[in-house]
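There are 2 protein chains.
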Amino acid sequence: MESLKQAILERGKALSDQVLKVDAFLNHQIDPQLMIQVGQEFADRFKNDQITKILTIESSGIAPSFTTAVELDIPLVFARKKKSLTMSDNVFVSQVYSFTKKESNTITVSKNFIEEGDCVLIIDDFLANGQAALGLIDIVKQAQASVAGVGIVIEKSFQPGRKQIEELGYRVESLARIKSLDTGQISFIEEN
Amino acid sequence: MESLKQAILERGKALSDQVLKVDAFLNHQIDPQLMIQVGQEFADRFKNDQITKILTIESSGIAPSFTTAVELDIPLVFARKKKSLTMSDNVFVSQVYSFTKKESNTITVSKNFIEEGDCVLIIDDFLANGQAALGLIDIVKQAQASVAGVGIVIEKSFQPGRKQIEELGYRVESLARIKSLDTGQISFIEEN
Chain P
1 MESLKQAILE
11 RGKALSDQVL
21 KVDAFLNHQI
31 DPQLMIQVGQ
41 EFADRFKNDQ
51 ITKILTIESS
61 GIAPSFTTAV
71 ELDIPLVFAR
81 KKKSLTMSDN
91 VFVSQVYSFT
101 KKESNTITVS
111 KNFIEEGDCV
121 LIIDDFLANG
131 QAALGLIDIV
141 KQAQASVAGV
151 GIVIEKSFQP
161 GRKQIEELGY
171 RVESLARIKS
181 LDTGQISFIE
191 EN
Chain W
1 MESLKQAILE
11 RGKALSDQVL
21 KVDAFLNHQI
31 DPQLMIQVGQ
41 EFADRFKNDQ
51 ITKILTIESS
61 GIAPSFTTAV
71 ELDIPLVFAR
81 KKKSLTMSDN
91 VFVSQVYSFT
101 KKESNTITVS
111 KNFIEEGDCV
121 LIIDDFLANG
131 QAALGLIDIV
141 KQAQASVAGV
151 GIVIEKSFQP
161 GRKQIEELGY
171 RVESLARIKS
181 LDTGQISFIE
191 EN
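One line per chain: the protein sequences are P and W, in this order.
Numbering (the UniProt record's numbering) for the first sequence: 1 to 192.
Numbering (the UniProt record's numbering) for the second sequence: 1 to 192.
Simulated from the structure, these hints should not be mistaken for lab results.
C-beta: ideal position from N, C-alpha, C; glycine also.
Don't take every hint at face value.
Derived, one-sided and incomplete: chain W residues facing chain P with beta-carbon distance under 8 angstroms [as the list claims (entries may be wrong)]:
hint, residue
1, ASP23
2, HIS28
3, GLN29
4, PRO32
5, GLU58
6, SER59
7, ILE62
8, ALA69
9, VAL70
10, PRO75
11, LEU76
12, PHE78
13, PHE92
Let's have the full structure, built from the sequences with the hints guiding it.
Structure, rendered in structure tokens:
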């Protein structure tokens, strides 16, 4: 997606060979017009998949999921990293390990909002080691719903997330695929 | 805002005389069409205020802030409850005490995204004791920016948040004002 790559090059920053900072438009400040384009692109790629729900995880997944949900005219659900006070025990739970933070988080989704028969598109802002996406897939399976695929705004293709998800048989659609961040240079995997 | 009140009555639930659960459309599952209407309403109420930024707090404030930002065609920024890994030390910090959780959270906003001269609309999903809004106001003041007002999706008017913010001289616009949740009945303050 060209406008996204442009934003990454112009407004993103490689903090190391592993870490890309995009807090100017995606995960702290949000650029509404770019997010609308992201939603249109995801919706276009999954428009024939009879999606009934979008599932993401708080917080940075919410904006791109929201714009996709608007395009597909379906609800979105965001998994919580902490159980909220108004959440009952009627929840699906999964574990998400963060390699960067070296800690495991429990994520929860109410059983009221992902149900048997749902066809779920999982969306997240970043794909690195794939742990968040795998946790969300786990929750969809617990609900006996189906996973239409995983939509990622920015994939760090030098990390193993995509491979892990594809090996389980799921489709991954990433709008920008980062080949390398070495020496502060951001380069992309070019696709047709 | 009638469609919001309708959603609260039909899809919300008074869990006690203090706690309103609206996770079917606002803070777990999100109803995109309702959130677009919420954004249009906030934008309409603040359309003459030369707003340059919207500031909210993760996670449930993001969707209504996003739709307002689209309408006003300006960026939004969400304060983080935890400092993110890619955040430098170049941040504004404030403390937000949660009466319900009985804990204090540090909230942070990068100095890159709220600047002197900005005219900031603060938006949040709920107003109860006002601590989150007061923390966001504190950050805007630290940035030497101005606060155009505070936009709230659901105000629990039997709690002191509105009074506290108004006493500091700020405008509060709440789209639904809950008068009482006693005995499981949701009632509103009616306004013209």
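Okay, the hints, checked on the actual structure:
With 8 angstroms as the threshold, the beta carbon of ASP23 (chain W) comes within range of chain P, its nearest partner Cβ sitting at about 6 angstroms, so the hint holds. For the restraint placing HIS28 (chain W) at the interface with chain P, the shortest Cβ-Cβ distance is roughly 6 angstroms, inside the 8 angstroms limit, so the hint holds. The beta carbon of GLN29 (chain W) is positioned within 8 angstroms of a beta carbon in chain P (closest approach about 4 angstroms), and the interface hint is therefore held. At about 5 angstroms, the closest approach between the beta carbon of PRO32 (chain W) and any beta carbon in chain P falls short of 8 angstroms, and the interface hint on this residue holds.
Nearest Cβ of chain P to the Cβ of GLU58 (chain W): about 4 angstroms, under the 8 angstroms cut. The hint holds. The restraint placing SER59 (chain W) at the interface with chain P holds, with a minimum CB-CB distance near 4 angstroms, inside the 8 angstroms limit. At a threshold of 8 angstroms, the smallest CB-CB gap from ILE62 (chain W) to chain P is about 5 angstroms, leaving the interface hint in force. Against a cut-off of 8 angstroms between C-beta atoms, the interface hint on ALA69 (chain W) holds, since the closest Cβ of chain P lies about 5 angstroms away.
Taken as an interface hint, VAL70 (chain W) checks out: its beta carbon lies about 5 angstroms from the nearest beta carbon of chain P, inside 8 angstroms. Contact between PRO75 (chain W) and chain P, as hinted, is supported at the beta carbon level, the nearest pair being about 5 angstroms apart and thus within 8 angstroms. Hint status for LEU76 (chain W): holds, given a least beta-carbon distance of 5 angstroms to chain P, under 8 angstroms. The interface hint given for PHE78 (chain W) holds, since its Cβ lies 7 angstroms from the closest Cβ of chain P, which is under the 8 angstroms cut-off.
For PHE92 (chain W), the interface hint is violated, since its Cβ never comes within 8 angstroms of a Cβ in chain P; the closest pair sits about 12 angstroms apart.
Consistency with the previously given hints fails for number 13 only.
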